[in-house]
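J.: Below are the chains, spelled out letter by letter.
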Amino acid sequence: MTLEKIQNGTELTVKVGGRLDTSTAPQLEEAVRNLENVSSLTFDFQDLEYISSAGLRVILLEKKTMGANGGSFTVININSTIREIFDITGFSGIIDVK
Amino acid sequence: MIEIRLVLMTLLPMSLSVILRLLEKKTSFSKFKGKDIVAGLVFGAAAVFCTEFGVDTGMAIYNTRDASVICAGLFFGWRASAVSALIGSVERYLAPLWGVGIYTRMACSIATACAGVFTSLLVKYLFENRTISWIKGFAMGAFIEVFHMLMVFVTHLNDIDKAFTVVTECSALMIFMNATGVALAIMATDLIENKKIMREKIEKVSVQLEYGLAVAMVIGFVLSIRFTSLLQSKITATDTESLLKNSISVVENDIFQGKTDLRTISKFRHVGSTGRIIISDSNGNIISDIENSDVRTLEEAGITSFDGKADVLGITSYYMSGEYNGYRIVAVLPEKEADFSSEVSIYVSIFMELLVFALLFIMLTVLVRRLILKNVDRINSDLKKITDGDLTVSLNVKSNEEFKSISDGINSTVDKLKQLIDEANARIDKELMLAKHIQSESLPCVFPPYPNRTDIDLFADMQTAKQVGGDFYDFFFASENRLFFMIADVSGKGIPAALFMMRARTLIRNLAQTGADLSDIVNRANNDLCENNDSGMFVTSWIGCLDTDTGILSYCNAGHNPPVFVSGGKAEMLRSVSGLVLAGLPGIQYKIFTRQLSAGDKVYLYTDGITEAINLSCQMFSEERLESLLSSEENRVNSSEETCEIVKYAVKQFTAGEEQFDDITMLCLKYKGKKRSIS
Numbered sequence: 001m002t003l004e005k006i007q008n009g010t011e012l013t014v015k016v017g018g019r020l021d022t023s024t025a026p027q028l029e030e031a032v033r034n035l036e037n038v039s040s041l042t043f044d045f046q047d048l049e050y051i052s053s054a055g056l057r058v059i060l061l062e063k064k065t066m067g068a069n070g071g072s073f074t075v076i077n078i079n080s081t082i083r084e085i086f087d088i089t090g091f092s093g094i095i096d097v098k
Numbered sequence: 001m002i003e004i005r006l007v008l009m010t011l012l013p014m015s016l017s018v019i020l021r022l023l024e025k026k027t028s029f030s031k032f033k034g035k036d037i038v039a040g041l042v043f044g045a046a047a048v049f050c051t052e053f054g055v056d057t058g059m060a061i062y063n064t065r066d067a068s069v070i071c072a073g074l075f076f077g078w079r080a081s082a083v084s085a086l087i088g089s090v091e092r093y094l095a096p097l098w099g100v101g102i103y104t105r106m107a108c109s110i111a112t113a114c115a116g117v118f119t120s121l122l123v124k125y126l127f128e129n130r131t132i133s134w135i136k137g138f139a140m141g142a143f144i145e146v147f148h149m150l151m152v153f154v155t156h157l158n159d160i161d162k163a164f165t166v167v168t169e170c171s172a173l174m175i176f177m178n179a180t181g182v183a184l185a186i187m188a189t190d191l192i193e194n195k196k197i198m199r200e201k202i203e204k205v206s207v208q209l210e211y212g213l214a215v216a217m218v219i220g221f222v223l224s225i226r227f228t229s230l231l232q233s234k235i236t237a238t239d240t241e242s243l244l245k246n247s248i249s250v251v252e253n254d255i256f257q258g259k260t261d262l263r264t265i266s267k268f269r270h271v272g273s274t275g276r277i278i279i280s281d282s283n284g285n286i287i288s289d290i291e292n293s294d295v296r297t298l299e300e301a302g303i304t305s306f307d308g309k310a311d312v313l314g315i316t317s318y319y320m321s322g323e324y325n326g327y328r329i330v331a332v333l334p335e336k337e338a339d340f341s342s343e344v345s346i347y348v349s350i351f352m353e354l355l356v357f358a359l360l361f362i363m364l365t366v367l368v369r370r371l372i373l374k375n376v377d378r379i380n381s382d383l384k385k386i387t388d389g390d391l392t393v394s395l396n397v398k399s400n401e402e403f404k405s406i407s408d409g410i411n412s413t414v415d416k417l418k419q420l421i422d423e424a425n426a427r428i429d430k431e432l433m434l435a436k437h438i439q440s441e442s443l444p445c446v447f448p449p450y451p452n453r454t455d456i457d458l459f460a461d462m463q464t465a466k467q468v469g470g471d472f473y474d475f476f477f478a479s480e481n482r483l484f485f486m487i488a489d490v491s492g493k494g495i496p497a498a499l500f501m502m503r504a505r506t507l508i509r510n511l512a513q514t515g516a517d518l519s520d521i522v523n524r525a526n527n528d529l530c531e532n533n534d535s536g537m538f539v540t541s542w543i544g545c546l547d548t549d550t551g552i553l554s555y556c557n558a559g560h561n562p563p564v565f566v567s568g569g570k571a572e573m574l575r576s577v578s579g580l581v582l583a584g585l586p587g588i589q590y591k592i593f594t595r596q597l598s599a600g601d602k603v604y605l606y607t608d609g610i611t612e613a614i615n616l617s618c619q620m621f622s623e624e625r626l627e628s629l630l631s632s633e634e635n636r637v638n639s640s641e642e643t644c645e646i647v648k649y650a651v652k653q654f655t656a657g658e659e660q661f662d663d664i665t666m667l668c669l670k671y672k673g674k675k676r677s678i679s
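Chains as they are written, first to last, in our numbering: chain G, 1 to 98; chain F, 1 to 679.
Rather than coming from a laboratory, the hints here were simulated on the basis of the structure. No residue lacks a Cβ here, since even glycine has one placed at the ideal position from N, Cα and C. Hints are supplied without guarantee of correctness; some may be wrong.
Claimed, not checked - Straight-line Cα separation of at most 30 Å, DSS-like style, residue types lysine-lysine; simulated pairs: (1) Lys5/G <-> Lys404/F; (2) Lys234/F <-> Lys204/F; (3) Lys64/G <-> Lys591/F; (4) Lys98/G <-> Lys591/F; (5) Lys436/F <-> Lys466/F; (6) Lys384/F <-> Lys5/G.
Said to hold, decoys possible - Where chain G lies over chain F, by a calculated footprint (3+ residues, C-beta under 8 Å): (7) 332–345; (8) 556–567.
With the rest of the complex left out, here is chain G:
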C-alpha cells in the first residue's frame, strides 16, 4: 500500500494506492488519527486496487469522526470494483463518493 498526505489549509487529502486490507488498514488509520484543524478529509482512491472489510472499517470510522466534529468526509476516484463493494455493503448510501 502507498500513502500520500496532501494538506491544503484545513483540507486534507490522503491518496491511497495498492491494497487496503487487514495488514495495511492500520497504517491508514494511524495516518488520519487525531487530525487537528482539518475540516475536510478526502480519501483519493485513484490507485487503489483492492479494499477489504478492514479498509471499509477505517472509512466508516473516519465518516463518524469527521461527522462528530462537524467536518466533511469524501471519497473520490473509486474504480468500478471498489464501487461495487461500496454498493454491496451499502457504503454508497452513506458516504459522499465522487
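Could you slot chain F onto chain G? The hints should help.
T.: Chain F only, in chain G's frame:
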C-alpha cells in the same frame, strides 16, 4: 604589484580546483576513468608554474606549490596527489639547471614530495575520500609549509646563519599563503557543490575528540614554547655574560703584558664576531679609537653604567665593564649576535613541535577511529537492522576484548528475545486455536438439523482460514413455521472479530425469539451493535425468514454479498440491498424484500471467502463463476449438501492449493414445499 601577484598566487590552487570540479559536474569528465591521473597532471603543471613563476620579493620566491599538491589529493584522490607531487618535486630539483634558486632546492623538493605522501595517506586512511572542512585544509597547508621551513634548516646545518635569515624572512607569508590557498579551495568547491555545512545537535565522538585533542595540543604547544624561550633566554644571558667576562680578562691580560697599543685594540680583539672592546680612562674618556666616529666619552657612546643593555654606538648591545690599572675596559656584544642561537633554537623547536603535535593529532584520530569508532559504527548499523525487525542479524565485531564482549552480549540478548518471542507466539497460537475451536463449535453443526421435517433441506459449512475470522452462519426456528437463516462476516480478523461475531449472533437470535418481525429485528440489532462500538467494527449480514407454510421468503441484506437464488435450474443473484452494514451507523431503517419460493427452489448464502478465493495467477473465483456453477443442469436436483459440496470442490480446484486467508463459509436452504404430515 608584488602584493597583487602574491594574492593571485594564493588563489591559484582554488581556481584550478573550481575549474576541474565544474568540468566534472557539467561534462562527461566525471565518468572518465583516469580522471584522477589527469587532475594530478594538471596540479603537477601548477606546481611547475609555481616553481618557474613564483613571486620573487628579493629575499625569497613565494609560491603555492605545496598547496596545489594538497588540493589535488583532497579533490581527486590520493593518486592525483601522488602524480602532482612527483612532477612538482622532480621539476623543482632540476630547476636550478635553468636558473631557478639553488639555495632551497633540496628543501623545496623534499617538502613537495612529502606533501604528496602526507596528503595521499591522509586522504586514503583518515578522510576516506570524504571532503573535509576548510579549517582542516588550512591546518594541512600550514603543516606542510612548517615542514618545508624546517627542511631549509635541516639541509643547511653548516650554514645556519643564512638559513635562519631566509626562514625568518619568508616563513610567515609562505605558511599563510599555502594554508589559505587550501582553505579557499575547499570553501569554493563546497560553494559550487551547494554543500551546506550543517552542524548536528549532537556531535559525533570523532568531532568531540578532535576538538578536545586540538585544545589540548594548542595548550601543550604554547606551554612548551613558552618554557623553551624562557630557558633559552636564561642560557643566552649566561653565555653572553661569560663571553663578555672572558673578553675583558683577555684585554686585562694584554694590558698586564703591556705589549699592546690600547688605541688600536679594536683591530685585534673582538667580542664574539661582531662585538668590540672600548677602553677609557677612569673619567670615561675613550682611549681606544672608534672608526668613523667622533665619540669621545663612554657616555656619548651610550654606556652610562657599569654593565647592562643599551644603544652602544647606535647598535642595541649588551655590555660589561672591568677596571684594570686605572683603565676601564668595556666589552660590547650586539644583541642580534647574542640572541642568534636562542632564536634559531626557538624557531626550530616551534616548527618541530608543530609537526610533532600535528602528527600526534593525526595518529590519535586514526587510532581512535580504527579501534573504537569503526566498531561502534558497525555495531550501530547491526543494531539498526535488529531494531528494524531482523532478528537473524548476528554481531561480529571482535577486533578486541571489549567489543567482543559487547557483540556477544547483544547476540545473546537477541537470542533470548527470539526464544521469548517464539514462546509467546506458540502460546498465542494455542489460544487462537482454542478460540477457533470454540467459535466453530458454537455454530449448529449437526446435519441434517431437522431430520423430521420434510419441508426444508438445509446444509451449512465453514472452513476457517489459519487466522481466527469473523464469519458465521446461523439458523433456527422462531416458531413452528418461521425459519430464520443467516450468514454474516465481521470486519477484520482475530479475536476482536470473533468476539464481535458472538455478540452479533446472540443479539439477533435473542431478538428473533421475541417474535418480532424481520425489519424490527434488524433495525434493533443494528442500533444495539452501534452502541459502545468505538473500534468501528461492523458486520455484513444477510438474514432470511422463511414461512415454511406459504413459501414466502422475506429477507434483509445489510451490506452482504448477494446470495444466489436457484429456481428451476436457473441461478440468479439476489442483488437487493437493504442498507448499510450492521453496526455501521445507528438509526438506519433497513428495507425488507420478499420472494415466493416454490418447491425445489434453493437459496445459497456465502461469504467473500468464496468469490474472492485467489488462484495461482491471482485471479478471483468471482460471482460469475459461482452463478454459472449453480445454474448447471446437474445442480437442479441436488440436495443442499450436494450444492455446498460442488461449490467447495470447485473452489478447491480453482485455488489449487494456494493458501487462502479468508474463512470460506456457506449455507444452502432448499425449500421442498408445504409440510406434509408423516403418516
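J.: Against this structure, judge whether each hint is valid.
T.: Each hint, compared with the structure:
1. Among the hinted pairs, Lys5/G with Lys404/F is inconsistent with the structure: their alpha-carbon atoms are about 45 Å apart, more than 30 Å.
2. At most 30 Å may separate the alpha-carbon atoms for a hinted pair to count; Lys234/F and Lys204/F exceed this at roughly 45 Å.
3. Distance restraint check for Lys64/G and Lys591/F: the Cα-Cα separation of roughly 23 Å lies within the 30 Å cut-off, and the hinted pair is therefore satisfied.
4. Between Lys98/G and Lys591/F, the direct Cα distance comes to roughly 25 Å. Compliance with the 30 Å bound is thereby established for this hinted pair.
5. For the given pair, Lys436/F sits about 9 Å from Lys466/F by alpha-carbon distance, which is consistent with the 30 Å threshold.
6. With a CA separation close to 27 Å, the supplied pair Lys384/F and Lys5/G stays within the 30 Å bound.
7. As drawn, the region 332–345 of chain F meets chain G at 0 residues by the rule of a beta-carbon pair under 8 Å; below three, the given contact is violated.
8. Check on the region 556–567 of chain F: 5 of its residues sit with their Cβ under 8 Å from a Cβ of chain G, so the three-residue criterion for coverage holds.
Going down the numbered hints, you'll see the structure goes against 1, 2, 7, while the others check out.
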